[in-house]
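A.B. asks: Here is how the chains run, residue by residue.
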Amino acid sequence: MSKLDDIISTFRSFEGEMRLQVLLDYANGLPKPPPELMATIGKDDAARVHECMTPVWLWVVPGEGGEGGKSVKLFVHVGEEAPTVRGVLSVIVHAYEGATADEIAAMPEDLIERLGLSPVLRMNRVIGLHAMIKRIKRETAAHAANATEAPEAGR
Amino acid sequence: MSEYANPERLVSTDWVDKRRGDLGSVRIVESNEDVLLYDTGHIPGAVKVDWHNDLQHPVLRDYITPEMFAKLCSRLGIGPDTTVVFYGDKSNWWAAYALWVFTMFGHEKCVLMNGGRKKWQDEGRPMTTDKPDLPAKDYPTPAINFSNRAFRDDVLRYSRERGPLIDVRSPGEFTGELTHMPDYPQEGAQRGGHVPGADNVPWARAANEDGTFKSREELEEIYLGEAGLSPGDDVIAYCRIGERSSHTWFVLKHLLGFPRVRNYDGSWTEWGNLVGMPIETGPGKKT
Numbered sequence: 175m176s177k178l179d180d181i182i183s184t185f186r187s188f189e190g191e192m193r194l195q196v197l198l199d200y201a202n203g204l205p206k207p208p209p210e211l212m213a214t215i216g217k218d219d220a221a222r223v224h225e226c227m228t229p230v231w232l233w234v235v236p237g238e239g240g241e242g243g244k245s246v247k248l249f250v251h252v253g254e255e256a257p258t259v260r261g262v263l264s265v266i267v268h269a270y271e272g273a274t275a276d277e278i279a280a281m282p283e284d285l286i287e288r289l290g291l292s293p294v295l296r297m298n299r300v301i302g303l304h305a306m307i308k309r310i311k312r313e314t315a316a317h318a319a320n321a322t323e324a325p326e327a328g329r
Numbered sequence: 005m006s007e008y009a010n011p012e013r014l015v016s017t018d019w020v021d022k023r024r025g026d027l028g029s030v031r032i033v034e035s036n037e038d039v040l041l042y043d044t045g046h047i048p049g050a051v052k053v054d055w056h057n058d059l060q061h062p063v064l065r066d067y068i069t070p071e072m073f074a075k076l077c078s079r080l081g082i083g084p085d086t087t088v089v090f091y092g093d094k095s096n097w098w099a100a101y102a103l104w105v106f107t108m109f110g111h112e113k114c115v116l117m118n119g120g121r122k123k124w125q126d127e128g129r130p131m132t133t134d135k136p137d138l139p140a141k142d143y144p145t146p147a148i149n150f151s152n153r154a155f156r157d158d159v160l161r162y163s164r165e166r167g168p169l170i171d172v173r174s175p176g177e178f179t180g181e182l183t184h185m186p187d188y189p190q191e192g193a194q195r196g197g198h199v200p201g202a203d204n205v206p207w208a209r210a211a212n213e214d215g216t217f218k219s220r221e222e223l224e225e226i227y228l229g230e231a232g233l234s235p236g237d238d239v240i241a242y243c244r245i246g247e248r249s250s251h252t253w254f255v256l257k258h259l260l261g262f263p264r265v266r267n268y269d270g271s272w273t274e275w276g277n278l279v280g281m282p283i284e285t286g287p288g289k290k291t
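Heads up: the sequence lines are chains A and B, in that order. Once you know that position 69 of the first sequence is 243 in this note's numbering, the rest is easy, because the numbers rise by one and skip nothing. Once you know that position 214 of the second sequence is 218 in this note's numbering, the rest is easy, because the numbers rise by one and skip nothing.
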């Protein structure tokens, strides 16, 4: 069972609005990016994920180990004023800890449905989050490609 | 705030801070874009009304029924005489929206906290994650009142007759370059542009940097001066889903005192997706 499957069954063990509380716990548990990455905000907007409802910064840095030593580590920064987006990104960060960029890029696009969140978040918000997930997948693939060309570029 | 037409409709953060212990006659309601933001911390004593989960009908593209509204109020400890104070994120977009929905159900005792959630936080006022334990109150099923709500046929007639119609979206959405607000792809439309005859006055023109409303004089300069509205006008405002135009509705109705202002909540997500509706692109009659 993958980490994502574990997280999905945790969400699904709760009913309705209680799943939002689980999402809130994830939002509160989003790991903080290291200070050197946070320091780039406002100076170098390369990490800014455009087209998200909320300003999101995403960094993909080389990880340790993983299959063929190709694992990456995701760091995300999202403002406190957007806990729903923080929660979903925190689920992604936790589910893909130690994964390769390819594995992250293969993330299911119906993640929100799998977590059982679409009935409680409702259509309008789910569509916005879908757009964000697609963007994260694309950005991860692009960051990983850049990192292969110039290993220090991801730092 | 006494300069405004209906000064009793707008209260300060200080006013709320002093009365937040009075949970008998006042109910503070937080309404945000983000469904979880209230749960991360809110004004002590405040309850949550989610614009989507609480106010939208679960099946129809419409608002909840009067029976559901009565149940919602009852659950939140709101009686027909309770003064409801709305505040929220995004310069009070959703707070104004919730206030407008409450108005549709005839709840007249509702006010907006100037500056919203951000101003409260910036002033270092208390926040809590504790949810108030409020006894349910009786709320009789209200009659629905559409005097503040416009439907697409009203807007079509206004477009043909060149009635006072205000498009409060960003200039890029108005001209048709964008089919949704920047960063909100979920609220797109098949066609871009605006309702022919509409004037573009982006909602944010009415707000100061800190999210509070501009002075009456400044607002008159924008809406009566630049946009050319006359004090007796029966105005319709729209945006993409009706939340930004609720903000402008509040300004025109309660701060400037226009006799009749309607919010077209179907807005561009309805108009821009309907077959055969008239649409104009470009800068419009005047900007």
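Worth flagging that the hints you see were computed from the coordinates, not collected in a lab. Careful: at least some of the hints might be erroneous.
Just some of the chain B residues that point at chain A, by a computed CB distance under 8 angstroms [claimed, not checked]: (1) Val39; (2) Leu41; (3) Thr44; (4) Asp58; (5) His61; (6) Glu165; (7) Glu274; (8) Asn277; (9) Leu278.
Non-contacting residues of chain B with respect to chain A, defined by C-beta distances greater than 10 angstroms in every case (computed) [what the hints assert, rightly or not]: (10) Tyr8; (11) Ala9; (12) Asp43; (13) Gln60; (14) Thr86; (15) Thr87; (16) Arg129; (17) Pro139; (18) Arg195; (19) Gly232.
On a predicted model such as this, the values are computed, not experimentally measured, just so you know. Backbone N, C-alpha and C fix where the C-beta goes; we use that ideal spot for every residue, glycine too.
A.B. asks: Does each hint fit the structure? Answer for all of them.
C.D. replies: Taking the hints in turn, this is what the structure says about them:
The criterion of a C-beta within 8 angstroms of any C-beta in chain A is met by Val39 (chain B), whose closest approach is roughly 6 angstroms, and the hint holds. Taking 8 angstroms as the C-beta cut-off, the interface hint given for Leu41 (chain B) holds, the closest approach to chain A being about 6 angstroms. Because the smallest distance between the Cβ of Thr44 (chain B) and any Cβ of chain A comes to about 5 angstroms, under 8 angstroms, the interface hint for this residue holds. Look at Asp58 (chain B): its Cβ only gets to about 11 angstroms from chain A, farther than 8 angstroms, so that hint breaks.
Given hint, His61 (chain B) at the interface with chain A, is violated; its Cβ is 11 angstroms from that chain's nearest Cβ, farther than 8 angstroms. Interface restraint check for Glu165 (chain B): the shortest CB-CB distance to chain A comes to about 32 angstroms, outside 8 angstroms, so the restraint is violated. Of the supplied interface hints, the one on Glu274 (chain B) is violated, with its beta-carbon coming no nearer than about 14 angstroms to a beta-carbon of chain A, more than 8 angstroms. Using the Cβ-Cβ criterion of 8 angstroms, the hint placing Asn277 (chain B) at the interface with chain A is not satisfied: the shortest such distance is roughly 14 angstroms.
Contact between Leu278 (chain B) and chain A, as hinted, is not supported at the beta carbon level, the nearest pair being about 18 angstroms apart and thus beyond 8 angstroms. Listed as outside the interface, Tyr8 (chain B) is consistent with that label: its C-beta sits roughly 28 angstroms from the nearest C-beta of chain A, beyond the 10 angstroms cut-off. Every beta carbon of chain A lies more than 10 angstroms from that of Ala9 (chain B), the smallest distance being close to 31 angstroms; the non-interface claim holds. Taking the minimum C-beta to C-beta distance to chain A, about 5 angstroms, the non-interface status of Asp43 (chain B) is violated against the 10 angstroms cut.
Non-interface call for Gln60 (chain B) relative to chain A: violated, since the shortest CB-CB distance, roughly 7 angstroms, does not exceed 10 angstroms. Distance check on Thr86 (chain B): its Cβ is at least 24 angstroms (rounded) from any Cβ of chain A, clearing the 10 angstroms threshold; non-interface status holds. For Thr87 (chain B), the shortest C-beta to C-beta distance to chain A comes to about 27 angstroms, beyond the 10 angstroms cut-off, and the non-interface label holds. For Arg129 (chain B), the requirement that its beta carbon stay farther than 10 angstroms from each beta carbon of chain A is met, with the minimum near 16 angstroms.
Distance to chain A confirms Pro139 (chain B) as a non-interface residue, since its nearest Cβ pair spans about 21 angstroms, more than 10 angstroms. Arg195 (chain B), annotated as away from the interface, keeps every beta carbon of chain A farther than 10 angstroms; the closest lies near 18 angstroms. Remark: the non-interface label on Gly232 (chain B) is consistent with the geometry, its nearest Cβ contact in chain A lying 34 angstroms away (cut-off 10 angstroms).
Taken one by one, the earlier hints fail for this structure at numbers 4, 5, 6, 7, 8, 9, 12, 13, listed in ascending order.
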